[in-house]
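K.L.:
Sequence:
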Amino acid sequence: MYTDQGAKDTRSGFGAGLLELGKTNPRVVALCADLTGSLKMDAFQKEFPERFYQVGIAEANMMGIAAGLTIGGFVPFTGTFANFSTGRVYDQIRQSIAYSGKNVKICASHAGITLGEDGATHQILEDIGLMKMLPGMVVINPCDFNQTKAATLAIAEYEGPVYLRFGRPKVANFTPIDQPFEIGKAVLLREGSDVTIIATGHLVWPALQAAETLAQKGVSAEVINIHTIKPLDEEAILKSVSKTGRIVTAEEHQMLGGLGESVAGLLARKHPAPMEMVAVDDSFGESGTPESLMEKYGLTPSAIIDAVARVKRRG
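The sequence shown begins at 0 in numbering that gives the first Met the number 0 and counts up by one.
Hints in this document: simulated from the structure, not taken from any laboratory. A few of these clues could be false.
[Stated by the list, open to error] Heads up, simulated DSS-like pairs for lysine-lysine below, C-alpha to C-alpha not over 25 Å straight-line: (1) K269 x K7; (2) K242 x K295; (3) K229 x K131; (4) K311 x K169; (5) K22 x K101; (6) K45 x K131; (7) K101 x K229; (8) K7 x K169; (9) K131 x K22; (10) K311 x K269; (11) K229 x K45; (12) K7 x K45; (13) K229 x K269; (14) K216 x K184; (15) K238 x K295.
[Stated by the list, open to error] What follows is a list of derived Cβ distance ranges for each label pair: (16) E158 x K216: 45 to 51 Å; (17) D90 x L237: 51 to 57 Å; (18) Q4 x D90: 27 to 33 Å; (19) E294 x M0: 51 to 57 Å; (20) A308 x Y157: 37 to 43 Å.
What you are looking at is a predicted structure, and each value in this text was computed from that prediction instead of being measured. Glycine included, every Cβ here is placed at the ideal spot set by N, Cα and C.
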C-alpha cells in the first residue's frame, strides 16, 4: 500500500537531483533559458556557477550549445518549460542531438495542463509524441518528487539523449525514497486480476486512488507505473494483460501520440485485448487552476473508473 508522504512538485525533485549530481559528477553542467527559479536550478547555479550557463530566451541556441558541450566530455542538462524544450526547438533537437546521438539530457518542466493559468500556449500536450518519434531518444515521465529525483540521477549515467518531463504543481509524493530507478523498467504498484491500469506522470496517483475505489466495488485492478515511455517495458505490460485481459491507460497528454498509443501498438502486434484511454481528446488546454482543468479534461480518478467500466463491458 502506497501512502502520500506530503505533496511536492516534481520540478523540485529535478532540482534536488541536479544539485546532488553537481556534487558527485564533475562532468555534469546545466543550461537554462531564463527560467532558473521555475526549473529549480538555482541551487545548482549558486553552488556551481562555473558549470551553469544562463543562455537567456534563446532555446535553440541552448540545444546547440548543449550538443557542443558533449563533444568536450560534459553531460549537459538543459532546462526550460516543456513547450519550449520540444516544440520550439524540434529541428535543433532532431539534427544536433538525436541524429547526432549526443549525450544531452533535455529536462522539461511545466508539462501538460497542470501548468494551469498560463493557458494553452504554454500547456504542451504533444511533447511525448514529438520526442518518442525521434530515433534513439529515451522518454521519461516520472510520477512524483522522489521518482523525479531518482530519474535525474539515473539519466546522468545513461549514454545518449534523454527527454525528462515533469511538472509545476504539488502532487502526492508516494514513491519510496530508496526505490531504485531503472530506465525502461515499469513499476508494479498494485496487483490485480480484473483490469490493468497503466499510468504515467501526474496520473499515477489518481490511478492508485481509482484502484482503491474499484476494490470497494469488487473490481480487482492492477496498477503499473510506466515512468519510461520509450523504451517501453513490453514484458511488464504483456505479462499483466495476459492475466487481466483488458487495459486502461492514463496520461496528462494528447490521446494521439502518447503512452496509450504506444501501448495500443504493442497490443495490436503481440496481444490484442480490449483497451480504453484516459487522455486529452484532440484539444488544446485553457487557462484555469490545475485542479479545475484536470476535472474538465477528464484526467481524474473518476474518469479512470469510468474507463474501467467501459473496458469491462467490451469483454
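K.L.:
Each of the hints needs a verdict: does it hold here or not?
P.N.:
Comparing the hints with the structure gives:
Restraint check for K269 and K7: the C-alpha separation of about 38 Å exceeds 25 Å, so the hint is violated. For the proposed pair K242 and K295, the alpha carbon gap of about 33 Å is over 25 Å, so the pair is violated. About 6 Å separates the Cα atoms of K229 and K131, which keeps this hinted pair within 25 Å; it holds. With a C-alpha separation of about 33 Å, the suggested pair K311 and K169 falls outside the 25 Å cut-off, and the hint is violated.
As the CA atoms of K22 and K101 are separated by approximately 23 Å, the hinted pair is consistent with the 25 Å bound. Under the criterion of a C-alpha separation no larger than 25 Å, the hint pairing K45 with K131 is inconsistent with the structure, at around 33 Å. Only pairs whose Cα atoms come within 25 Å are accepted, and K101 paired with K229 is accepted, the gap being roughly 17 Å. Taking the CA atoms of K7 and K169, the gap is near 4 Å; set against the 25 Å cutoff, the hint holds.
Our distance criterion of 25 Å between C-alpha atoms is broken by K131 and K22, whose separation comes to about 31 Å. For the hint pairing K311 with K269, the CA-to-CA distance comes to about 20 Å; that is within 25 Å, so the pair holds. Among the hinted pairs, K229 with K45 is inconsistent with the structure: their alpha-carbon atoms are about 33 Å apart, more than 25 Å. For the given pair, K7 sits about 22 Å from K45 by alpha-carbon distance, which is consistent with the 25 Å threshold.
Between K229 and K269 the alpha-carbon distance is near 17 Å, which keeps this suggested pair within the 25 Å criterion. Of the pairs offered as hints, the one joining K216 and K184 is violated, with about 30 Å between alpha carbons and a cut-off of 25 Å exceeded. For the hint pairing K238 with K295, the CA-to-CA distance comes to about 33 Å; that exceeds 25 Å, so the pair is violated. Checked against the hint of 45 to 51 Å, the C-beta distance between E158 and K216 comes to roughly 47 Å, which is consistent with it.
Restraint check, D90 to L237: a C-beta distance of roughly 36 Å breaks the suggested window 51 to 57 Å. Q4 and D90 have their C-beta atoms about 41 Å apart, which leaves the hinted 27 to 33 Å range violated. Between E294 and M0 the CB atoms are about 26 Å apart, so this pair departs from the stated range of 51 to 57 Å. At about 39 Å, the CB distance of A308 to Y157 agrees with the hint of 37 to 43 Å.
Hint compliance for this structure: hints 1, 2, 4, 6, 9, 11, 14, 15, 17, 18 and 19 are not met, and every other hint is.
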